[in-house]
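Chemist: Sequence:
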Amino acid sequence: MFRGYLALGGAELTNTARLVAHAKPGPPQSMEEALAQCRCAVPRDYIHYDDSWPGLPAFLGEGPYVLSNAPWYDPAIPQSAEFLGAWVTSAEGFGPAPVDRPVNDALCAGGVTGPHRDKARSLTFEAILVGCTNAGVTYGQEWLSCRLRDATSLAGTTLEFLAAHPEDSAANPETLRRIMSRVVYTRELRETKSFGVRGVEHRQGAVKTVGWEMGVLDPYVYGPATSRSVVWGTQVTERIEWAHAPDCESPASCSTIPVLASAICVPAVVDVSPERPPVCAGCIPLCQVQTRVAPIPKAEGVMCRDQTVTLTITAGSRPISANFWFRPCGSSAACDRTGFLSLAGLPAGGTIVADSVVGRPYGLVDGRQVRQVGIVHTPSGAPWTSTVLDAGRCWELVAQHEPGIELTVQVSVRGRQA
1 MFRGYLALGG AELTNTARLV AHAKPGPPQS MEEALAQCRC AVPRDYIHYD DSWPGLPAFL
61 GEGPYVLSNA PWYDPAIPQS AEFLGAWVTS AEGFGPAPVD RPVNDALCAG GVTGPHRDKA
121 RSLTFEAILV GCTNAGVTYG QEWLSCRLRD ATSLAGTTLE FLAAHPEDSA ANPETLRRIM
181 SRVVYTRELR ETKSFGVRGV EHRQGAVKTV GWEMGVLDPY VYGPATSRSV VWGTQVTERI
241 EWAHAPDCES PASCSTIPVL ASAICVPAVV DVSPERPPVC AGCIPLCQVQ TRVAPIPKAE
301 GVMCRDQTVT LTITAGSRPI SANFWFRPCG SSAACDRTGF LSLAGLPAGG TIVADSVVGR
361 PYGLVDGRQV RQVGIVHTPS GAPWTSTVLD AGRCWELVAQ HEPGIELTVQ VSVRGRQA
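Mapped onto our numbering, the consecutive letters of the sequence shown carry residue numbers 1 to 418.
Just so you know, not all the hints are guaranteed correct.
Stated by the list, open to error - Cβ pair distances, simulated, as ranges:
no., residue 1, residue 2, range
1, 371, 305, 31 to 39 Å
2, 191, 111, 43 to 51 Å
3, 92, 328, 35 to 43 Å
4, 77, 191, 17 to 25 Å
5, 111, 367, 34 to 42 Å
By construction, these hints were calculated from the structure, which means they are not laboratory data.
A virtual CB, placed ideally from N, CA and C, is assigned to each residue, including glycine.
Produce the complete structure using the sequences and hints provided.
Modeler: Put into structure tokens, the structure is as follows:
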């Protein structure tokens, strides 16, 4: 993997190109930048070998790297301008997913094996923190420790990186994007060495080597997202054909059967009111239903046999209830259906995301992830689970609902590499 860039929870964690730009700054473009450069001058020959990627700022859509736009910079904390950045020198655990499959001796010759299981990952990092003062590098160490605390929740967070160094390669850097899900912080940031580069007395080290560890509860690595707005290829509206005659005798014509009860023993009253079903999703109108079908794109950038599909569904001007599932292209067999999703009363204008990378559904309100309650189910009443499809086959998305409802569906496909 490319050690030059890590993003935790969608925000930059380490960036070697930023550190190099700070250590070898160009002409300042503002007075604030000039003052920051004056306070933090390091020996120009400190970096003997640069393994960063010069194209990273353009790839991320960021401007020139200067101290005043660093993610850790705070004008209220002067020493924040005295920290140059973190340089990851070692990152272990990014290979194939660890596996566990016990083999035991058989009663006769040979042995027997248990089921294959993909285990959780363990990631180990080593990095160099570079500052121009001891106060600056200490501030940087505290900032990095605070950022790692973003991975302390039970659900974990995401870790983004590039699969390989893009320089001198014909590969499109976008296809090298990778993401890990459910990443947790498992061992604190530890300082292993501290030293200086100026050779001046009355100073302490402005460079520190540190290490930390993280665990990945979901052992798979996901490739770049291939996102498309769904354009329905076929739309069919079907009416229900009743099997019985429409002129059935009304049940009200039945006479009441008399009951002779005890005069002294009060009979027990049994409540015969109907029970509510355990889940209200999966229900569609009886008169007529509309079925829509659309192909889904294939995952890009990852050689694998699995792909995950995330659906983002937005309701129109009124609440919607609908069923969704996936099937091989052209198939009409009920047994080929998979990846069921049912929506029950998604409010008008509301957006729900069934995220197959994170492994849970959630709502979107003003761009923020929020908890959804009672909207996402499956037709059987079971909880919704991530949709994982065979990447070697062609797949279609099927939606079934009452005719005339308005909804927008976006599909995002990622390759899943073990």
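Chemist: Next, verify each hint and record whether it holds.
Modeler: Going through the hints against the structure:
1. The hinted range of 31 to 39 Å is satisfied by residue 371 and residue 305, whose Cβ atoms lie roughly 33 Å apart.
2. Between residue 191 and residue 111, the C-beta spacing of about 47 Å keeps the proposed range 43 to 51 Å intact.
3. Evaluation of the 35 to 43 Å hint for residue 92 and residue 328 yields a pass: the beta carbon distance comes to about 40 Å.
4. Between residue 77 and residue 191 the beta carbons are some 20 Å apart, a value that agrees with the proposed interval 17 to 25 Å.
5. Hint check: residue 111 to residue 367, Cβ distance near 55 Å, so the stated range 34 to 42 Å is violated.
When the structure is compared with the earlier hints, a violation turns up for hint 5 alone.
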